[in-house]
Structures are given as C-alpha cells and as structure tokens.
Amino acid sequence: MKTLTFGLAFAVLASQAGAQQTISLASPIPDGAETRFCYYEGLAYSEDAFVLMVGDNTVTSTVSTVQERLLRCHRESDGTLKWRPQSTFSTNN
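In this text, residue positions in the sequence shown follow this note's numbering: the first is 654, and each later residue adds one.
Don't take every hint at face value.
[Said to hold, decoys possible] Simulated restraints, written as ranges between beta carbons of each label pair:
id : residue 1 : residue 2 : range
1  : Gln739    : Thr718    : 16 to 22 Å
2  : Gly685    : Thr718    : 15 to 21 Å
3  : Asp709    : Ala686    : 28 to 34 Å
4  : Thr733    : Val707    : 37 to 43 Å
[What the hints assert, rightly or not] No more than 16 Å apart at the CA atoms, straight line, and that leaves these computed lysine to aspartate or glutamate pairs for EDC-like:
id : residue 1 : residue 2
5  : Lys735    : Glu694
6  : Lys735    : Asp709
7  : Lys735    : Glu700
8  : Lys735    : Glu687
Simulated from the structure, these hints should not be mistaken for laboratory data.
Keep in mind the model is a prediction, meaning the values are calculated, not measured.
Using N, Cα and C, we set each Cβ at its ideal position, and we do this for glycine too.
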C-alpha cells in the first residue's frame, strides 16, 4: 500500500513540475503582437490610438514645469506599430 501511495504522489509531483515549466516558458504576449498593437503601461493599443504622458520636469528647486506629451500609435514601414510623438506641451507651476 505504501508503494502505491508513494508512486501516486511521485506521479502527481512529476506532472505538476512539467506543467509549471510549460507555464514559465509561455509568453503573455503572442507571437507577432508588435505588428498589431502598441504597448504602454501594460495595456495594448491599436493603430492610431493616442496616449497622453504627463510628468514633472523639475529644472531647479524654485522652477517646476509640467510636461505633457501626446503620442500616437503609428505603423512603421516594416509593419510594426510604434509610438510617435504628436505634440508636447509645457506649463509652469
């Protein structure tokens, strides 16, 4: 009975190890995804989508500029999608 229990336990552990190895090798991004989407902060965007990046650009301790950059998902000549700057705005705080 012990031999059967140990054999069953070993078989279960071996099958789990194989499944974990398969999962660790799998990519969350499918093959060819860069030709279908632009990625920003973990999200996928389609062609001609826009995102607005906003950030502080501190020049000195007394002058602070907030910079906004508008990006558009653009198809390159090789078929891949990449972010291309459309405009940049700066405002003083």
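Can the suggested window of 15 to 21 Å be confirmed for the beta-carbon pair Gly685 and Thr718? Distance hint for Gly685, Thr718 is violated at roughly 40 Å.
Between Gln739 and Thr718, is the Cβ distance one that fits in 16 to 22 Å? For Gln739 and Thr718 the Cβ distance comes to about 19 Å; the hint holds.
Could you say whether the range 28 to 34 Å given as a hint is met by the Cβ separation of Asp709 and Ala686? Hint holds: Cβ distance 32 Å, inside 28 to 34 Å.
Given the hint of 37 to 43 Å, is the C-beta distance from Thr733 to Val707 inside that range or not? violated (26 Å)
Straight-line alpha-carbon gap Lys735 to Glu700, limit 16 Å: Satisfied, since the Cα-Cα distance of roughly 9 Å is no more than 16 Å.
Are Lys735 and Asp709 close enough, with their CA atoms no more than 16 Å apart? It is violated: about 24 Å lies between the C-alpha atoms, which goes past 16 Å.
Taking only the CA atoms, is the gap from Lys735 to Glu687 under or equal to 16 Å? holds (8 Å)
Given the proposed pairing of Lys735 with Glu694, does the C-alpha separation stay at or below 16 Å? Since the Cα atoms of Lys735 and Glu694 sit roughly 14 Å apart, the hinted pair holds (cutoff 16 Å).
When held up to the earlier numbered hints, the structure conflicts with 2, 4, 6 and fits the remainder.
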